[in-house]
Structures are given as structure tokens and as C-alpha cells.
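The primary structure of each chain is shown beneath.
There are 2 protein chains.
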Amino acid sequence: MVTDTMTKPHQLIASDRVEGTAVRRPNGDKIGHIERLMIDKVSGKVSYAVLSIGGFLGMGANLLPLPWARLKYNPKFEAYELDIDDEELKAAPSFRADKDFDWGDRSQEEALHRYYDIPPYWGGF
Amino acid sequence: MVTDTMTKPHQLIASDRVEGTAVRRPNGDKIGHIERLMIDKVSGKVSYAVLSIGGFLGMGANLLPLPWARLKYNPKFEAYELDIDDEELKAAPSFRADKDFDWGDRSQEEALHRYYDIPPYWGGF
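Protein chains in written order, with the working numbering: chain P, 18 to 142; chain V, 18 to 142.
Among these hints, one or two may not hold up.
If several chains are the same, the list does not tell them apart, and a pair holds so long as it fits within one copy or across any two.
No more than 25 Å apart at the CA atoms, straight line, and that leaves these computed lysine to aspartate or glutamate pairs for DMTMM-like [stated by the list, open to error]:
#	residue 1	residue 2
1	K93	D117
2	K89	D57
3	K58	E127
4	K93	D57
5	K116	E95
6	K58	D46
7	K62	E127
8	K62	D100
9	K62	E98
10	K89	D46
These are calculated hints, taken from the structure and not from any lab test.
Just so it is clear, the structure is predicted and the values come from calculations on it, not from any experiment.
The shape of chain P in the complex, shown without the other chains (with noise of 0.2 Å):
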């Protein structure tokens, strides 16, 4: 039905809106926020939300490079919810705040990648 496409809900979201966002365990649990999000300039795909960490598990104000496909959002929450562990997180690839991830070494973006287990935005290993 015509009507259907008319009024169905969008499936956008404003970048700004992003920025901000927290973070929170399946539980509830505030693990960080988004700080920005990571756009392949060529396919203009989201390729990771940067996850700010400010001193959860005492790891310090560190920034997360996480694949979008691994975040999800949770109405009930306001919240993007990742559902991961202690020891998980605390080995996940990070990098200082006032330091740049180093975006333009592939390797390191594969292992990034293979840590969440999720595809390669890029298409393939």
C-alpha cells in the first residue's frame, strides 16, 4: 500500500544526535558514549562509532574504535547497548584521547575487526 511507505517511520539518524549517545550494557550498565562516528569517505559508509571510556574499569579516558555493526540501539535505554565483558573490553584495541587511532593501517583494522568477529567494512579480509 501507497500509505504504508507514506507514514512508515524513517530509518535516519542525524549524526549530531549520535554524538553523545551512551553506551550501556544489555544490563543497564553506562559503559562510555559515542565521541563521533568514522565515515569511509569513497562508499560513504559508517565504518566505526568511537566509544569514549571515561575511567569504566579504571581504564582511563580511552577512545574505542568499535564497528558500527556491532553497536545496537535500545529505545528502552535512550542508549546504544554492547553486549560485552569485562575482560573483553579491557583488551579491545583503544587509543588515547589525545592520540589518532591509526586509521590508514589496514592490518590494524583487520585485527580490529577480527576481535569483534564482524565482516570488514571494506568487504573482505
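Position chain V against the provided structure of chain P, taking the given hints into account.
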């Protein structure tokens, strides 16, 4: 060569760096700036860059959703380049800054992509 993969400049850009970046015509005239990006939640693809126009051509403070594929970055200007003339710009689909574009209306999105002659981000009309 492995070294090429390791050292090539990355193809990723940060969402909060895109926001606020100027949009200029090929001749350097400033049209406005990118207010935000609209992202398809399911595919993770950037669908629109929302262009903020502050009084350019006497158009008032309007927002124009531009298909992402229509913009290209020009390092010389440190700005996005949009090849659009006065007539096309004045007639382009826009919305007032205090209102929201009806992102849920697929027929409106179709009209927008036809206007800019860009294939729709969801795959086809």
C-alpha cells in the same frame, strides 16, 4: 606490496569534522556549511549531508538535504564542492531550520534524488 597497504592515507573522515565544514562552488564562492549527516540505521550508509544556507541568494536560514554522492571534498578550498547554479539551488528541496524534513516520506526522498539526478541510497526507485 604490503608496505603500500600499511602506509596509504586513510579513507576515513570523522563525523564531527564534516559538521561545520564549508560548502563552496567550484569558483570558490561559499554557499553555506554542512550542518549534519543523515545516516541510514540499517545499512550504516550516509544518505544525506544537510547543507545549512544562511541568507545565500536571499534564501533565508534554510536547510537543504543533499545526497551524499553529490558532494566532493576539495582539498584546495578545505571545503566540500557543490557544482550548482542559482536556479537549481533556489528550486532545490529545502526545509526551515526550526522544522524537520519528512525523512519518513519515501516519495519525497525519491523526488529529491531525481532532482539531483543521483541514484537513491536504498538501491533504486
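Tested hints:
1. K93 <-> D117: between (33 Å within a copy, 24 Å between copies)
2. K89 <-> D57: Close inside one copy (20 Å) and across copies (13 Å); limit 25 Å.
3. K58 <-> E127: both (18 Å within a copy, 23 Å between copies)
4. K93 <-> D57: Answer is between: at 20 Å across copies they meet the 25 Å cutoff, but 30 Å inside does not.
5. K116 <-> E95: Between. Shortest inter-copy distance 22 Å satisfies the 25 Å Cα cut-off; intra-copy 29 Å does not.
6. K58 <-> D46: Answer is between; shortest inter-copy Cα gap is 23 Å, intra-copy 34 Å.
7. K62 <-> E127: both (17 Å within a copy, 20 Å between copies)
8. K62 <-> D100: So K62 and D100 pass the 25 Å test inside a copy (23 Å) and across (23 Å) alike.
9. K62 <-> E98: both (20 Å within a copy, 20 Å between copies)
10. K89 <-> D46: For K89 and D46, the Cα distance is within 25 Å only inside one copy (15 Å; across copies 41 Å).
In this structure, every one of the numbered hints holds.
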